[in-house]
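Relying on the hints, combine the two individually framed chains into one complex.
Chain order of the listed sequences is A and B.
Position one of the first sequence corresponds to residue 1 (the UniProt record's numbering), numbered consecutively onward.
Position one of the second sequence corresponds to residue 1 (the UniProt record's numbering), numbered consecutively onward.
Be a bit skeptical, because a hint or two may be false.
Claimed, not checked - Quick list of the computed label-pair ranges, beta carbon to beta carbon:
| # | chain 1 | residue 1 | chain 2 | residue 2 | range |
| --- | --- | --- | --- | --- | --- |
| 1 | A | A98 | B | F233 | 28 to 36 Å |
| 2 | B | T135 | A | R431 | 29 to 37 Å |
| 3 | A | R431 | B | L89 | 47 to 55 Å |
| 4 | A | E160 | B | A42 | 55 to 63 Å |
| 5 | A | D313 | B | D87 | 19 to 27 Å |
| 6 | B | T154 | A | E179 | 55 to 63 Å |
| 7 | B | L89 | A | D232 | 50 to 58 Å |
Quick caveat, the hints were computed from the structure, so don't treat them as lab data.
On a predicted model such as this, the values are computed, not experimentally measured, just so you know.
Don't be surprised by glycine CBs; every beta carbon is placed ideally from N, CA and C.
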Amino acid sequence: MSITKTPYVRLATLACAVSLSTATLAETVTIGTVNNGDMIRMQALSSEFEAAHPDIDLEWVILEENVLRQRLTTDIAANSGQFDVMTIGMYEAPIWGANDWLVPMDNLPASYDVNDIFPSVRGGLSANGTLYALPFYGESSMTYYRTDLFEQAGLTMPSEPTWEQVREFAVALHDPANEQYGICLRGKAGWGENMALFTTMVNAFGGRWFDMDWNAQLESEQWHNALEFYVDLLGNYGPPGASSNGFNENLALFNTGKCAMWVDATVAGSFVTDDSQSQVPDQVGFAAAPKQVTHKGSGWLWAWALAIPVSSDAKDAAQEFVTWATSKEYSRIVAEEHGIAAIPPGTRKSTYENDAYLEAASFADMTLSQMQKADPNDSTLEPSPYTGVQFVAIPGFSGFATVVGQQVAGALSGNTSVDQALSNANRVVDREIRRAGYQD
Amino acid sequence: MNTQQVKPMSQPSLARKQPLLDMRQAKIVKNITVTVAAWLVALTIFFPIFWMVLTSLKTELNAFSTPPALIFKPTLENYVAVFERSDYLKYAWNSVVVSFGASIIGMVIAIPAAYSMAFYPTKRTQGVLLWMLSTKMLPPVGVLVPLYLLARDTSLLDTKTGLTIIYTLINLPIVIWMIYTYFREVPKDILEAVRMDGANLWQEIRHVLIPITLGGLSSTFLLSLILSWNEAFWSLNLTASKAAPLTALIASYSSPEGLFWAKLSAASTLAVAPILVFGWISQKQLVRGLTFGAVK
Numbered sequence: 001m002s003i004t005k006t007p008y009v010r011l012a013t014l015a016c017a018v019s020l021s022t023a024t025l026a027e028t029v030t031i032g033t034v035n036n037g038d039m040i041r042m043q044a045l046s047s048e049f050e051a052a053h054p055d056i057d058l059e060w061v062i063l064e065e066n067v068l069r070q071r072l073t074t075d076i077a078a079n080s081g082q083f084d085v086m087t088i089g090m091y092e093a094p095i096w097g098a099n100d101w102l103v104p105m106d107n108l109p110a111s112y113d114v115n116d117i118f119p120s121v122r123g124g125l126s127a128n129g130t131l132y133a134l135p136f137y138g139e140s141s142m143t144y145y146r147t148d149l150f151e152q153a154g155l156t157m158p159s160e161p162t163w164e165q166v167r168e169f170a171v172a173l174h175d176p177a178n179e180q181y182g183i184c185l186r187g188k189a190g191w192g193e194n195m196a197l198f199t200t201m202v203n204a205f206g207g208r209w210f211d212m213d214w215n216a217q218l219e220s221e222q223w224h225n226a227l228e229f230y231v232d233l234l235g236n237y238g239p240p241g242a243s244s245n246g247f248n249e250n251l252a253l254f255n256t257g258k259c260a261m262w263v264d265a266t267v268a269g270s271f272v273t274d275d276s277q278s279q280v281p282d283q284v285g286f287a288a289a290p291k292q293v294t295h296k297g298s299g300w301l302w303a304w305a306l307a308i309p310v311s312s313d314a315k316d317a318a319q320e321f322v323t324w325a326t327s328k329e330y331s332r333i334v335a336e337e338h339g340i341a342a343i344p345p346g347t348r349k350s351t352y353e354n355d356a357y358l359e360a361a362s363f364a365d366m367t368l369s370q371m372q373k374a375d376p377n378d379s380t381l382e383p384s385p386y387t388g389v390q391f392v393a394i395p396g397f398s399g400f401a402t403v404v405g406q407q408v409a410g411a412l413s414g415n416t417s418v419d420q421a422l423s424n425a426n427r428v429v430d431r432e433i434r435r436a437g438y439q440d
Numbered sequence: 001m002n003t004q005q006v007k008p009m010s011q012p013s014l015a016r017k018q019p020l021l022d023m024r025q026a027k028i029v030k031n032i033t034v035t036v037a038a039w040l041v042a043l044t045i046f047f048p049i050f051w052m053v054l055t056s057l058k059t060e061l062n063a064f065s066t067p068p069a070l071i072f073k074p075t076l077e078n079y080v081a082v083f084e085r086s087d088y089l090k091y092a093w094n095s096v097v098v099s100f101g102a103s104i105i106g107m108v109i110a111i112p113a114a115y116s117m118a119f120y121p122t123k124r125t126q127g128v129l130l131w132m133l134s135t136k137m138l139p140p141v142g143v144l145v146p147l148y149l150l151a152r153d154t155s156l157l158d159t160k161t162g163l164t165i166i167y168t169l170i171n172l173p174i175v176i177w178m179i180y181t182y183f184r185e186v187p188k189d190i191l192e193a194v195r196m197d198g199a200n201l202w203q204e205i206r207h208v209l210i211p212i213t214l215g216g217l218s219s220t221f222l223l224s225l226i227l228s229w230n231e232a233f234w235s236l237n238l239t240a241s242k243a244a245p246l247t248a249l250i251a252s253y254s255s256p257e258g259l260f261w262a263k264l265s266a267a268s269t270l271a272v273a274p275i276l277v278f279g280w281i282s283q284k285q286l287v288r289g290l291t292f293g294a295v296k
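Looking at chain B on its own, in the form it has when it is part of the complex (with noise of 0.2 Å):
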């Protein structure tokens, strides 16, 4: 009887449990795949950075062997040669103070333009922001006469300040638009509810759309900063010895006679070292920005 009676409960459970055991496993699958796959994206990305890093602790020889050498002895010799024959605590002095002043002025004229554009548009607003974008377009060697006889006449060749208002312009129309989409996201009914509270302009910014948009703005400064940092064109037409950054120190290792990929390996290493462990350590609002508004 017992077991009679036990059968018929069993056949039900069991067909019960096949689906949730195929879920299961078709679960597991998805995750497997997708790690695989999250993976594989991840190391094609880093692999470049990684061939870089390897290729500086190798001889300048073996950098340039075919097929290429993967099991040799690591040196340090081209971090040895790039800390003699240059002076990086400037180059990488000069890139910190040009690219956080470019991103920070960024930054304080981008809140208000983009704050009057989101939440006061007029009929203009959308072509204002093309016509902003559309000057991302002229390809830099375009404007490098006029630009260059102009820091001639106001005495800004050489100088960090002149790169930095460069920097600042030529990132402007990139921040601006990044946060004007972050701040068109926010609801008017909570400034307008800040504003019957008898809350100012200022107040209104400094207190209620700042802190909630600050993933957006954070992530926004850290990708002018990124841009600043790895600018290479203006950097090497505008400078000479006293404002080099450091994509100017990556180019003076290139060699028209003469084996460089191990030393210019090294001096890039040196070069994108601070900005990647600065980004790592942002990274929480670098992430947190950029998915800011995307699931309401």
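So here's chain A without its partners, still in its complex pose (with noise of 0.2 Å):
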């Protein structure tokens, strides 16, 4: 019996070992990003790149933005190595590549083509010339309108409209009681939240956050400008609780034929002609985010992108992912499972050169366009000292800039006057910049 046995004990103990072995020797990624919708359906389409890969496993840790934010920054601060691909955003790239925290990505394939990458999202996910992160998706912002309400009350939405003419528009198309608002703009309080939009809106109306000599500019007449203007037209033409709102509550209001214009995120435009999310799918027009006093800076830009912390311990497998993940051959795949407009936009030309894309995404043409409009080294009337559309890429930023937001949404909501909320705002963001050294 025992004799009999052995043989098969001995090929089962073989087989073990066997399979135990080449799961050692898979070298685990582990990948830390954010929940959306081109995240997941790389997450799922990964399988792809593990049966290509049999030596790498993926671990996938999906965070909302915040504590991603908050969680990644530990990690490469503290150099603790938990994560070897990171999803970062364009205000971290520069910063933390700058810091040496990340591997930067000079030894790409040739057939990786990575000047085909938008010159503007390259630029400013790299630093000191160097990339350190490639992008997965980038996005602007532009004007969404509902084309019906528009031809029915006879208005016309030019291709780069002011702010001046989107405020007469949404006092035409302002029909409260029966649930239709003018406008739905970002009023929820945070840095990549109300103070995205409105730093653009402070970039129209021909302001900048600081001088060059690093004086905050809070207080001046632009920021005024900009700030009366944005409380009138979000407090009165659009909808209740207008503070509370950030891209998905406007999104949700939009979506369900709420709102007669919206302005933000390029990448709405697949949410929004998206039959299976909106009511309005097809009564959707495009135009560009408004210019007042300049366009420069008026339209943001953002990317994520995945970039290899130098704590990480598995550079080269992480690499290997990253590279296939922002690839045209990733985006060849997407197209195949998901369809040619589910291709993570805003990243690569040849997307936009691709007339089946184009045909397919009904917003591709205003989303190239405010793409290459942006520039984050010229994004203000007036000369700054910083880089970064919507942003400042300086460490720090996203503190002072959360504070700002809250007295932004303060005066919206009318707890506090906008002289006061700007007084407020100015002190804080001089008392930071001081603290760090700018004006040294």
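Okay, here's the thing in structure tokens:
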């Protein structure tokens, strides 16, 4: 009995040992990312990557945006190496790259065609001319409007409207009794929420965060005009409780037909035209983000990108993955599996040279135009010492910009006056920038 | 005659019945009021859970609609999405191991600590109790960096062991306090009698003290379990892919760009379901423990 069983036992042991050794050989790449449609699609399609790379196992850590940001910052600052791939934005990439916290992306294969990536996006993810993160998708901002409501009211939306024109349209289309609001804009406090939109508004009104000596400019005439305008426009012709609305709340309002206009991220183009999400998919028009005294910095620029921290112990495997996930090959797989309109937008020029994509995604032309216009190195009418369109790419900005966001939201909800809000905000920003030594 | 005899008899009888009737009516009114109030409180407490389950059965668009849709075609697509996208069982197992582990270890440490403070108090006992409770007054983020660095240097980041130690320590003050109050209710004479009978310390605790206070100890254990199960701050900051519990699973369904309420509700329902079932099964012990010592 024992003799006949022995070969089987040995075989089984050998099989176990082989499978264990294979499992041990496979390198694990831990990816920290945010929960949005494109990232979840990437997670689902990553099985193709694992099939092509049996020596690499992917582990996913998906977190809410603010939690992820805090988590990754702690991890990279403490050099604890819990993540091999980090999903970061245009704000973090140049700062972390300059701190030598990220692996430079300077040995990409020729097939990757790095020059196909929009120069503005490449520039926003670089520090001192070195690329530190590969863009997964990019976005600017634009104006969404209801073509049916405009037609009924006999109005015509110009391709590049001014904020003043947007206000006139909002006045004409505002009908709160029928739950139809003239305009929806971000009102929720946060550097990535209301301050993303409001900074582009300040840019359009000719303002800037700092002068060339890093003096805070929040009490300038331009900031004052912009905030007066924002409070009047959104307060009088926006939905009730607008100071609580962020991207998702406005998306829901627009998709349920309650906003005549909405100025927000270009990435929303695929949501508002998707009939499984929107009740008005065929009645949406697209125009540029509104300008005012200048078009400079009137549309923002943002990209979610994949970076590799220097603390990673699986840098080569991580590099394999980020190269694959941001490649033309990945776009081809997405188009095959989910339709061509689902390709991650706003990163590669070749996407917008594809006629099939332009035909399938009605928002593509405007997205391309806005992406090409946005320049993080020249986003203000008067010269400024910083890069970034809707943010200032310096450490600490997220902290003080959120405080400014709270003051702006306070002015919108009527808890404080425009003058008082700007005075409070200017004091906070000035103090923080002095503490950080920028004025020395 | 008869009627004359009956009448004087019936007057006092009616007079006696009237207050009885009034008392009965007052009792009924009181019962109804208490019942209605209890239902109102129960429904208010239960409403968020009901709303969460309801939202989890809607489409994303329905979940965001205003006014909220009360009549809709229910769908299980959000639960399917959660199971497809996440390894639910891995997160659930991590939650079970960490919260049961932390609660058991907490009880093992807290029972002797509470025993010494309840039955052999010194002049510093009250001070020690207050000091322990004062550690709960510090916001967790205040000690995030030192604890994170300690966990990193001891290789406890993203491990169930690390999270169990943290949960044990953060719940220990409350656990000791609760057990201390239950032990204080036990007459010292009983323990003295046991000692007179020759029982040693272990026998005294094992065979007398624990059985007497079992209701209180059970409710303390349950409270510690629920607190550990629901803890989110440390689980989000100290775990990544290996030791993340169900609170991290919930956090992964919040989205900055895109509708997510229905899927988030489905993930939350799945996350609270095990502890809800456990609480339901053990509610008898919980209630007995919470009312322990209330009536002497």
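Distance restraint hint 19 to 27 Å, applied to the beta-carbon atoms of D313/A and D87/B: holds, 23 Å
Cβ distance range 47 to 55 Å for R431/A and L89/B, holds or violated: The hinted range 47 to 55 Å holds for R431/A and L89/B, with Cβ atoms some 50 Å apart.
Status of the given 28 to 36 Å range, CB of F233/B versus CB of A98/A: Holds, at about 30 Å.
T154/B versus E179/A beta-carbon gap, inside 55 to 63 Å or not: holds, 57 Å
29 to 37 Å as the expected CB spacing between R431/A and T135/B, which holds or is violated: holds, 33 Å
Outcome of range test on Cβ distance (L89/B, D232/A; 50 to 58 Å): Roughly 54 Å apart at Cβ, these two residues keep to the hinted range, so it holds.
Distance restraint hint 55 to 63 Å, applied to the beta-carbon atoms of E160/A and A42/B: Holds, at about 58 Å.
Checked against the numbered hints above, the structure violates none of them.
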